[in-house]
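Chains A and B supply the protein sequences, listed in that same order.
For the first sequence, full-length UniProt numbering gives the first residue as 1, with consecutive numbering after it.
For the second sequence, full-length UniProt numbering gives the first residue as 1, with consecutive numbering after it.
These aren't lab readings, by the way, just hints derived from the structure by calculation.
Hints are supplied without guarantee of correctness; some may be wrong.
[Unchecked claim] Result set (SDA-like, lysine to any residue): computed pairs, CA atoms no more than 20 Å apart in a straight line:
1. A:K568 <-> A:Y633
2. A:K541 <-> A:P283
3. A:K162 <-> A:G493
4. A:K30 <-> B:T141
5. B:K99 <-> A:V35
6. B:K99 <-> A:I41
7. A:K30 <-> B:G6
8. A:K545 <-> A:P81
9. A:K73 <-> B:F113
10. A:K185 <-> A:K73
11. A:K30 <-> B:L110
[Stated by the list, open to error] Far from chain A, some chain B residues (derived; all Cβ distances over 10 Å):
12. R45
13. I52
14. S68
15. K83
16. E84
17. W96
18. E100
19. F113
20. H132
21. E134
22. V135
23. E136
24. M138
25. Q140
26. T146
27. I153
No experiment lies behind these values; they were computed from the predicted model shown.
Where a beta carbon is used, it is the ideal one built from N, C-alpha and C, also for glycine.
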Amino acid sequence: MDLKRRDFLKVVGLGAAGSMLPGCGGETAKLIPYVLPDEEIVPGVANWYASVCRECEAGCGIIVRVMEGRARKIEGNPDHPLNRGKLCALGQASLQGLYNPDRIRGPLQRDGERGEGRFKPIPWEEAMSRWVSALQKHPGGAVLISRPVPGTLAGLFSTFMKEISGTVFFYEPSAERPLRAANRKSFGIDFLPDYDLANTTYLLSFGAPFLSHWLSPVHFGAAYGRMRQGRPEVRGRFVQVEPRLSLTAASADRWVPIRPGTEGLLAVAIGRLILEEGRTNLPRGDRSRFEKFYASFSIDRIANETGVAEEEIVRLAREFYTAASPLAIGGGIASEQTNGTDTLVAINALNLLVGNINRPGGIRFFRPSDFPASSAEVVGEQALLDLKGPSKKASRSVLMLYQANPLYTLPPSTQFRQVFEEADLVVSFSPFLDESTAMADLILPDHFFLESWGDHVTEGIAPAAGLAQPVVIPRYDTRPVGDLFLGAANRFGGGVKERLSWTDYRTMVREQWRDFFDRRQPGQPFEAAWVEALQKGGWWKPEGKPVSISQRGAPSAAEPARFEGSEKEFPFYFYPFPSMGLHYGQGANRPWLQELPDPMTTVVWGSWVEINPKTAQEYGLAERDLVRVISPYGEIEAPVVYFPGNPPDLISVPIGQGHRAYGRYAEGRGVNPLALLAPLIDAPSGALATGATRVRIERTGRKGRPVLVDQTGQGTRRHTEGGEGEA
Amino acid sequence: MRKWVGVLLALLVIGVAIIWGALYAQSTADFMGHDRQPIAFSHQRHAGELQIDCLFCHRGARISPVASVPSVYLCMTCHRSLKEQTPETEKLLAYWNDKEPIPWVRLQRLPDFVQFTHEMHLDAGFQCADCHGEVERMSQTPRAATFEMGWCIDCHERNGASLDCFTCHY
Ligand code: SF4
Numbered sequence: 001m002d003l004k005r006r007d008f009l010k011v012v013g014l015g016a017a018g019s020m021l022p023g024c025g026g027e028t029a030k031l032i033p034y035v036l037p038d039e040e041i042v043p044g045v046a047n048w049y050a051s052v053c054r055e056c057e058a059g060c061g062i063i064v065r066v067m068e069g070r071a072r073k074i075e076g077n078p079d080h081p082l083n084r085g086k087l088c089a090l091g092q093a094s095l096q097g098l099y100n101p102d103r104i105r106g107p108l109q110r111d112g113e114r115g116e117g118r119f120k121p122i123p124w125e126e127a128m129s130r131w132v133s134a135l136q137k138h139p140g141g142a143v144l145i146s147r148p149v150p151g152t153l154a155g156l157f158s159t160f161m162k163e164i165s166g167t168v169f170f171y172e173p174s175a176e177r178p179l180r181a182a183n184r185k186s187f188g189i190d191f192l193p194d195y196d197l198a199n200t201t202y203l204l205s206f207g208a209p210f211l212s213h214w215l216s217p218v219h220f221g222a223a224y225g226r227m228r229q230g231r232p233e234v235r236g237r238f239v240q241v242e243p244r245l246s247l248t249a250a251s252a253d254r255w256v257p258i259r260p261g262t263e264g265l266l267a268v269a270i271g272r273l274i275l276e277e278g279r280t281n282l283p284r285g286d287r288s289r290f291e292k293f294y295a296s297f298s299i300d301r302i303a304n305e306t307g308v309a310e311e312e313i314v315r316l317a318r319e320f321y322t323a324a325s326p327l328a329i330g331g332g333i334a335s336e337q338t339n340g341t342d343t344l345v346a347i348n349a350l351n352l353l354v355g356n357i358n359r360p361g362g363i364r365f366f367r368p369s370d371f372p373a374s375s376a377e378v379v380g381e382q383a384l385l386d387l388k389g390p391s392k393k394a395s396r397s398v399l400m401l402y403q404a405n406p407l408y409t410l411p412p413s414t415q416f417r418q419v420f421e422e423a424d425l426v427v428s429f430s431p432f433l434d435e436s437t438a439m440a441d442l443i444l445p446d447h448f449f450l451e452s453w454g455d456h457v458t459e460g461i462a463p464a465a466g467l468a469q470p471v472v473i474p475r476y477d478t479r480p481v482g483d484l485f486l487g488a489a490n491r492f493g494g495g496v497k498e499r500l501s502w503t504d505y506r507t508m509v510r511e512q513w514r515d516f517f518d519r520r521q522p523g524q525p526f527e528a529a530w531v532e533a534l535q536k537g538g539w540w541k542p543e544g545k546p547v548s549i550s551q552r553g554a555p556s557a558a559e560p561a562r563f564e565g566s567e568k569e570f571p572f573y574f575y576p577f578p579s580m581g582l583h584y585g586q587g588a589n590r591p592w593l594q595e596l597p598d599p600m601t602t603v604v605w606g607s608w609v610e611i612n613p614k615t616a617q618e619y620g621l622a623e624r625d626l627v628r629v630i631s632p633y634g635e636i637e638a639p640v641v642y643f644p645g646n647p648p649d650l651i652s653v654p655i656g657q658g659h660r661a662y663g664r665y666a667e668g669r670g671v672n673p674l675a676l677l678a679p680l681i682d683a684p685s686g687a688l689a690t691g692a693t694r695v696r697i698e699r700t701g702r703k704g705r706p707v708l709v710d711q712t713g714q715g716t717r718r719h720t721e722g723g724e725g726e727a
Numbered sequence: 001m002r003k004w005v006g007v008l009l010a011l012l013v014i015g016v017a018i019i020w021g022a023l024y025a026q027s028t029a030d031f032m033g034h035d036r037q038p039i040a041f042s043h044q045r046h047a048g049e050l051q052i053d054c055l056f057c058h059r060g061a062r063i064s065p066v067a068s069v070p071s072v073y074l075c076m077t078c079h080r081s082l083k084e085q086t087p088e089t090e091k092l093l094a095y096w097n098d099k100e101p102i103p104w105v106r107l108q109r110l111p112d113f114v115q116f117t118h119e120m121h122l123d124a125g126f127q128c129a130d131c132h133g134e135v136e137r138m139s140q141t142p143r144a145a146t147f148e149m150g151w152c153i154d155c156h157e158r159n160g161a162s163l164d165c166f167t168c169h170y
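All chains, full assembly: derive it from the sequences and hints.
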């Protein structure tokens with residue numbers, strides 16, 4: 001026995017010593033010289049390249065630090081008017097997209113049943129001909145669902161699909177469709193405005209999550225900083241109206257909780273008071289239409305429906321109309337309802353009433369730069385759902401996906417999966433194997449954006465077009481999606497080949513910029529301007545001239561939102577919110593973003609259910625208990641985190657986790673709250689009403705293991721124990 | 001029997017400590033008596049007999065934090081026109097013909113938390129030999145100094161250079 005023990009120890013000792021040897025010794029670094037020196041590269045000295053961030057739809061300017069041909073660090077481009085040198089966490093983490101171990105490394109074809117997720121490599125040539133011949137076999141039947149790519153790529157996609165009589169949908173769950181629809185109704189303008197937060201003195205926000213993920217978060221974050229601290233004479237005041245205490249609400253001077261879906265009514269009450277107290281700047285001609293609409297609402301009824309006290313409503317109205325430059329904005333939970341567009345129209349009306357359009361501190365409309373072929377309308381979920389069914393377009397046809405993941409972002413209740421099942425061929429150009437790409441028959445992977453040419457036309461804010469250049473040599477056997485479409489056009493021949501005759505996408509981008517510069521400054525040598533644009537990261541004007549609005553639309557309806565699920569059976573409102581780091585799930589395969597603590601709860605690497613501590617205790621739920629959240633359409637299980645910022649009748653869960661595919665960091669982690677949603681739509685905008693499903697909760701009796709960075713949980717617990725848990 | 005186990009454990013602990021220590025020293029500053037390079041390159045021959053300036057090959061030193069090793073192409077600018085080859089220069093030609101870089105073994109290495117730049121030290125008027133020794137007299141290239149913090153600080157003190165932590169650790 002003793003002998004054996006000694007032997008054992010010896011072996012362990014040797015093992016321990018041995019395991020350390022290669023650990024350090026093996027790395028005895030090698031100095032690998034270049035075989036041929038590269039003129040532009042000095043080892044140890046960084047090259048910085050300007051490009052455009054494509055991690056969300058904003059398109060901030062970036063500069064990338066490249067050493068010995070490797071991208072090492074990304075910073076904001078100090079010249080770019082959108083972000084002025086700043087960058088958000090997603091932008092920082094995009095390096096982990098470039099170096100992600102789960103990138104698709106070459107063309108693949110399905111091996112096994114569709115959706116099984118098994119693939120085998122296929123040569124590029126064969127992949128291309130399979131794709132193109134499928135397109136040729138289905139004249140007029142092809143559908144491309146792409147993320148919005150405002151710029152040359154949008155032009156290429158649109159032209160290609162038009163020429164082959166197919167359809168292209170630019171789709172993105174956070175596209176703020178209701179805002180566009182509302183602006184069309186209120187102002188007669190089709191593009192997104194700039195909200196001049198920096199010069200606002202009183203900001204009244206109805207749920208707009210502009211400090212976490214709304215429209216252009218870096219831009220608004222910086223503007224917000226200037227509003228609060230950038231002016232010596234005034235610190236802008238900021239009131240956030242929303243049911244749940246979001247990160248943005250937590251930064252406000254005052255948070256006004258409100259019943260979900262009644263934000264528009266509150267705006268109507270405020271509007272009525274502004275008119276009543278004679279504080280409107282509205283031209284006389286327009287006034288009667290507004291008066292007529294407001295006449296049928298009474299403040300006390302609205303107070304009743306919204307849950308906001310009458311004195312509070314009066315106070316909000318007075319603060320708003322007495323401010324030097326007031327601004328009302330709406331978004332997030334306020335617009336993600338079945339009455340989202342109407343709500344935003346009612347909020348827009350407040351701006352019309354005080355007349356802050358195209359004034360400093362108000363709403364300004366800058367026409368996007370006249371960059372060629374940049375405008376392509378972004379669609380809402382309804383447009384995609386219309387693809388369903390045997391008589392509809394996508395069936396027995398070719399379905400193509402470019403960096404859109406509808407099988408994750410659309411709730412199963414919409415049965416969008418049908419579109420995949422009915423398609424003859426599903427082709428994806430995604431660099432990652434996300435849920436939708438896993439359903440593909442053919443994967444023709446695009447480069448990562450840091451390896452590609454491209455451009456991005458900024459909407460709203462200021463006239464700007466960012467120019468993206470490859471900052472590193474492509475790591476894998478991938479091809480730029482632009483080249484693929486140009487190549488396909490070439491194989492097609494005929495009209496589409498004629499319209500898209502560029503040899504490669506880089507040339508196409510360059511030619512678009514040549515046209516653009518030629519039109520702006522005829523006769524100027526292009527080469528110098530092109531090089532300057534590459535160095536600077538694009539083209540922009542410091543400040544555009546705002547365009548005047550063509551109409552002043554009064555609100556036309558202020559119905560409370562509809563909710564799916566009876567109040568008796570499903571007593572809770574349910575709000576899935578885009579998580580700060582993972583957004584609508586795109587960030588889930590980047591470890592840096594997974595370990596970014598949620599700003600309100602400090603949770604990392606997982607899902608959680610936010611419940612008001614009082615409610616939780618009523619249900620006998622301790623923090624970290626696994627709770628089942630059930631809607632009429634599905635159920636999820638996740639650990640409870642006490643969240644005093646929720647009203648007692650609202651349950652919230654972050655979006656972003658719960659991937660069934662998308663690589664090792666994302667897969668099988670947490671739950672996807674979108675799975676619970678009813679297929680309710682805000683009709684005027686066609687956007688999914690994310691906040692319109694009711695739920696109930698059930699104890700599971702089991703414990704979960706959420707990781708809270710703030711392990712002491714002091715903040716939350718103090719509230720609970722002191723009995724201040726009620727929101 | 002129990003005594004034996006005790007002794008054995010003690011020996012084990014000491015052994016592990018020694019190996020650990022040696023490895024620790026090695027990982028912060030590489031320690032190798034002599035280099036075992038893929039090609040027996042001689043600084044004595046190149047820098048001494050042929051009087052090639054250090055910076056001719058280590059081109060990065062003037063303009064970069066790292067001194068850098070010459071590209072194979074740079075070696076070949078001379079070696080391509082040599083008539084007589086030795087077994088060692090044949091190896092060089094083989095790398096060149098295969099378009100392969102030479103995997104030189106790295107002798108000097110500072111840990112990641114130290115920021116050192118050659119450029120600044122040359123700008124301040126130092127010679128390569130001040131730190132690296134008289135390589136022109138060495139056929140194989142050992143380390144001339146420890147390159148540990150005490151050694152840096154000594155020199156910084158003697159020359160009145162900054163002693164702030166953030167000078168090198170940032
Ligand atoms: S907001 Fe962030 S993710 Fe979006 S473009 Fe800017 S840096 Fe990139």
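**Q.** Given as non-interface: B:E136, partner chain A, CB spacing beyond 10 Å
**A.** The claim holds: B:E136 sits with its nearest Cβ about 20 Å from chain A, beyond 10 Å.
Q.
According to the definition I'm using, a residue is off the interface if its beta carbon is farther than 10 Å from all beta carbons of the partner; does B:E100 meet that for chain A?
A. Non-interface label on B:E100 violated, nearest chain A Cβ at 7 Å vs cutoff 10 Å.
Q. Would the pair A:K73 and B:F113 pass a check requiring their Cα atoms to be no farther apart than 20 Å?
A. holds, 17 Å
Q) Given the hint that A:K185 pairs with A:K73, does the C-alpha gap stay at or below 20 Å? A) With Cα atoms ~43 Å apart, A:K185 and A:K73 exceed 20 Å; violated.
Q) Is the nearest CB of chain A more than 10 Å from the CB of B:W96? A) violated, 8 Å
Q | Hint consistency between A:K30 and B:L110 [alpha-carbon to alpha-carbon, up to 20 Å] | A | holds, 13 Å
Q: Could you let me know if the closest chain A CB is still more than 10 Å away from the CB of B:E134?
A: holds, 21 Å
Q | Whether B:S68 stays farther than 10 Å from all C-beta atoms of chain A, as the label says | A | violated, 4 Å
Q | Hinted pair B:K99 and A:I41, Cα distance within 20 Å | A | holds, 19 Å
Q) For B:R45, is the shortest beta carbon distance to chain A beyond 10 Å? A) holds, 19 Å
Q.
Confirm or reject: B:I52 is not an interface residue toward chain A, with every Cβ-Cβ distance exceeding 10 Å.
A. Per Cβ check, B:I52 is outside 10 Å of chain A; nearest 16 Å; holds.
Q) Beyond 10 Å from chain A, beta-carbon-wise, is B:M138? A) holds, 17 Å
Going down the numbered hints, you'll see the structure goes against 2, 7, 10, 14, 17, 18, while the others check out.
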